[in-house]
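Engineer: Each chain is listed here by its residues.
Protein chains: 4
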Amino acid sequence: MMSVNFAVLGAGRIGQVHARAVASVDGARLVAVSDPVAEAAQAVADRFGCDIRSIDAIAAGDDVDAVVICTPTDTHADLIEQFARAGKAVFCEKPIDLSLARVRECLKVVDRTSTPLMVGFNRRFDPDFMAVKAAIDAGRIGAVEMVTIISRDPGAPPADYITRSGGIFRDMTIHDFDMARWLLGEEVETVMAQASVLTDPQIGALGDFDSANVILRSASGRQAIITNSRRAAYGYDQRIEVLGSKGMVAARNQHEANIEFAGAEGFGAPPLLNFFMTRYTAAYAAEIAGFVAALADAGPMPATGHDGMMALALADAAVLSVEQGRAVRVGEVTG
Amino acid sequence: MMSVNFAVLGAGRIGQVHARAVASVDGARLVAVSDPVAEAAQAVADRFGCDIRSIDAIAAGDDVDAVVICTPTDTHADLIEQFARAGKAVFCEKPIDLSLARVRECLKVVDRTSTPLMVGFNRRFDPDFMAVKAAIDAGRIGAVEMVTIISRDPGAPPADYITRSGGIFRDMTIHDFDMARWLLGEEVETVMAQASVLTDPQIGALGDFDSANVILRSASGRQAIITNSRRAAYGYDQRIEVLGSKGMVAARNQHEANIEFAGAEGFGAPPLLNFFMTRYTAAYAAEIAGFVAALADAGPMPATGHDGMMALALADAAVLSVEQGRAVRVGEVTG
Amino acid sequence: MMSVNFAVLGAGRIGQVHARAVASVDGARLVAVSDPVAEAAQAVADRFGCDIRSIDAIAAGDDVDAVVICTPTDTHADLIEQFARAGKAVFCEKPIDLSLARVRECLKVVDRTSTPLMVGFNRRFDPDFMAVKAAIDAGRIGAVEMVTIISRDPGAPPADYITRSGGIFRDMTIHDFDMARWLLGEEVETVMAQASVLTDPQIGALGDFDSANVILRSASGRQAIITNSRRAAYGYDQRIEVLGSKGMVAARNQHEANIEFAGAEGFGAPPLLNFFMTRYTAAYAAEIAGFVAALADAGPMPATGHDGMMALALADAAVLSVEQGRAVRVGEVTG
Amino acid sequence: MMSVNFAVLGAGRIGQVHARAVASVDGARLVAVSDPVAEAAQAVADRFGCDIRSIDAIAAGDDVDAVVICTPTDTHADLIEQFARAGKAVFCEKPIDLSLARVRECLKVVDRTSTPLMVGFNRRFDPDFMAVKAAIDAGRIGAVEMVTIISRDPGAPPADYITRSGGIFRDMTIHDFDMARWLLGEEVETVMAQASVLTDPQIGALGDFDSANVILRSASGRQAIITNSRRAAYGYDQRIEVLGSKGMVAARNQHEANIEFAGAEGFGAPPLLNFFMTRYTAAYAAEIAGFVAALADAGPMPATGHDGMMALALADAAVLSVEQGRAVRVGEVTG
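Protein chains in written order, with my numbering: chain W, 1 to 335; chain X, 1 to 335; chain A, 1 to 335; chain G, 1 to 335.
Treat each hint with caution, since some may be false.
Copies of the same chain look alike in the list, so a pair counts if it works inside one copy or between any two.
[To be verified] Below are the EDC-like pairs computed for lysine to aspartate or glutamate, each with C-alpha atoms no more than 16 Å apart in a straight line:
(1) K133 - D51
(2) K246 - E260
(3) K108 - D137
(4) K94 - E256
(5) K133 - E260
(6) K94 - D78
(7) K133 - D297
(8) K133 - E256
(9) K94 - D307
No lab work stands behind these hints, which were simulated from the structure alone.
Bound-form chain W, shown alone:
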């Protein structure tokens, strides 16, 4: 098997995760890293044995087949276009952009250049969620009817992150929107949402919410509900459940350890894994493997630019629903 030569753009927290994944996946090789912060780039180069290069050098390099974009959100669309034009395959962390119009424009370039593009919806690669999807695809629950997603962060991100995040629906719920689309097996037609500030008034002062509920509905009447909070005292709560005509399948939460304690006060178990990188360790490794496999087969990407755009469209529709207190058709925001 030919190896896919990779460069990682951005050597921050998530860049390091992807660099490690590239380095350990069969059929992939990490050849370069790029980061404006010299120490960050150096640390990745030392750890995984690769070059440090500028972004333009990577785009120009004959020895790079694919890039992993882990730079700040507002650079994603430009970089996708640059590397699409340079003939590289692109894996981009979500979101492509916070503006649906900009995303649409960017995807036109991707289309025109026939660039293989995968968007980093890592949860599609979580082993438990994959087992849920596999059960559905195997017909174990019959026709999908109702999806329930309970998704809560352990705690809110810092204020400056919130300011740049695009708001809870575009930053946090976007993962759940993608899961809902993936599990419903149909495009969503209508979005209803409700949002509050319950955990920290500062979040409200920044114009954002910390607690939200969303109802999605497809053309045939399938529904999904998503319940979000920025704060769960007991850890990173990530549950999905799908009801079908013949039954139900659900993914359970993951605890810090699979132990049970009992004493005079009752029974106990450890909190949930408390951090998205710990919770989704296996998913991050598997998504790069999925990208490499799709490149090798020249097959469809497991999470496409269209998927990235649609999740953002649902977020935009949710924002509008909260503002106007009504059900919003997705067509209203996709135009």
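Take the given structure of chain W and dock chains X, A and G to it, following the hints.
Structural biologist: Positioned in the frame of chain W, the structure of chains X, A and G alone reads:
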């Protein structure tokens, strides 16, 4: 302790459940039963050793302190008024009426006569749900933020029942509306709902839905979501979960037996209890005991006429929300 | 159906439980109670509406078909013989006697008089254990190989009870010996046991143990292990598990409520039901129903005098095994 | 930090696992592999980028600090002695030898040469078992009283493996003996064991057993029970539970995925991880890290030669207990 003398009106399925509860609760005595079907009345009289009387004779009887109304829904409001005027305490199966206007009128009579009235929201007496409420009241989860109710019937009722039911929101979700109000600890201000026909087109032909999701929101921004289906292949699914500032508390489902099986195909456990009377056996016994205790103490009723009216108002608001695709303020329906 | 007329001998804690069961089982009627303590007898008579009589009067009474023996252990064998000779059916709380020789003698009288005799091994009627047995009988785990019984009391009984109890194996493990025989489906041939004093030195001072492990082995090599402690801080721990050639089936513990709590310290659930009467409420009701049904069908008793004797024989063998530090054949103690 | 240079002896299944662990642990470097099968050595050399050398060359090499012995059992003691004399640190897969006398002799050489020796009891490094141990050490259950180990293989190994294995107690139970010693916190004084052939008569024909139960007892009366079977249809069953004066702590089993399915037949979950390498993936990585850390600190080894010897002594005592049907003092076999 003086005993409360009871008559049960209506000797059908739920009448028998309440007759048994009255017969076994300390401080209560079953003196009479009434039913237009002679055999039904006779069966209760034989089983529990009480008289058979007409409704008017019960209202006139000096030896009856309280009645349990288990007759068809469209007689509830009239009977409440008749027995309120007769000076009896009244326990009435939900709903008081399917028309909010009629309920309001009936509650005026109850008020004017200072009649002790309890509405049969049996779930408030389920031992597990009571333990959830007790944990909240004890401050274990801090301030309540988000309530999640997953409530699914094993299968849809027959067509003629659906026709008379008032629709899924007034017949099925009404229990969940009451649980949400009870757990939120604040009145609901806004209702958003979505509904579909997914399990059986005949339900749609009758003008009803079988699958629904609802988002409730209180003045302070607390939220509740309710997800309903008329069909869960695996039994009667009754889960509630409350997220607060310091944690979460949830009631688990109840299986036919607490056993676990394991074989080459994996692990297994029995289906859920499949029938509301089996699932809520303890709750039905406890609610009559709660009524008797409230009468004995001359204390507040654990589920009042106002509770019955407000749950119906939420149902009406949900119907309107589905029709008009918008958030409905509860004030719009309560007038 | 003809009703079986019952008298209950002994109006203490367990006598009241059985009186309630008799009063509520279809096909049974409580006609008399006997107890040397007048107040105890009166309380049962008042609660369930029956006569107070002397034991001899009950034995002589034409209107009594069956007795439930709930008197102190050292009277059981004499009473069984008296009522066997009086032609009554007998339900006797375990054990028949603490002496195997006395049991054998007593069972000869029962045999000679063809008396229907049931011994109160209530756990055979626990709904979960019955579901385990039903799964085995239905072939779900194939051939039974290994039984695991974890059986722990919440706390040790008072010293004077321990003195009269016959020791941990005859008092506590005896229930587990019966479960093991019932689940193994073969007679036990060899017993190995180990015992310690770990929870309270006073128990050792009384010549008893509080912590014990036992291995049982049948002729074909099937095995059971039993692990006992007189103290489990978290409640009454009652688990059984059966491994077979095709899988495993197990009964889970029962908590005070089926709720789950989560906070910064992790997840929690209430302690186990803490008292044998609460834990086995359903079993106590079902065992009297089982006795009545066996009488009605003139069928085999669900727990016979032989079962009572064999459980005691296993206890005697365990005592010998601890004393002599060796495997004891059951034949050594049954003679 | 200086890096520890490693050679792996034996490039079979377990050798590959350890080579991968060495390659990924910070502070360790894989410099050489040795295996009589050239292809096996080559595969490891290719995968992890190290030399292929003879065992003698490794012993003579100045650039090797430590070896991992993954060769057949009957070579372990000789290799430990060779590398002890060569001044290398040694990590050896269990057992050191099947003969207690040979182990004793080998450990004398280790002692005389002050060789850091760790024995591969991987389960001590399982994250869940470590969490159990940590809870005990933190005093959460008070004084340890009773250990319960349920340990079942998915299926029996091939006949030729069984022939060379030393029997179920020395091959399979040995891991549980080590866990029991580790968790009891006291040396075992007495062993009682029972063994049968229940899953496959061929195992009996080879002179071995497939089903065994063991009771261990320490001087102070603490006890452990171990229940073993060579066949569990539902996967690799690995549970431990420790009862103490203040409560209980237990490690749960690990399933193929953390999902739950529900349908008309009831609820289901996937089988257990079915293979020791999958079940203990994290443990295998952590034990090499533990070895490296102990070398770096010149601290005590987390599993010593003495631990290896004592687990074997318990196995020998169990064999004797089965043969003679009696409790065996460990001193009888350690001499």
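Engineer: None of the hints should be skipped; say for each whether it holds.
Structural biologist: Right, here's what the structure says about each hint:
1. K133 - D51: neither (39 Å within a copy, 44 Å between copies)
2. K246 - E260: Between copies, since 14 Å is at most 16 Å while 33 Å is not.
3. K108 - D137: neither (31 Å within a copy, 56 Å between copies)
4. K94 - E256: neither (27 Å within a copy, 29 Å between copies)
5. K133 - E260: between (29 Å within a copy, 12 Å between copies)
6. K94 - D78: Answer is within: at 14 Å inside a copy they meet the 16 Å cutoff, but 57 Å across does not.
7. K133 - D297: Intra 22 Å, inter 47 Å, cutoff 16 Å: neither.
8. K133 - E256: between (24 Å within a copy, 15 Å between copies)
9. K94 - D307: within (10 Å within a copy, 46 Å between copies)
When held up to the earlier numbered hints, the structure conflicts with 1, 3, 4 and 7 and fits the remainder.
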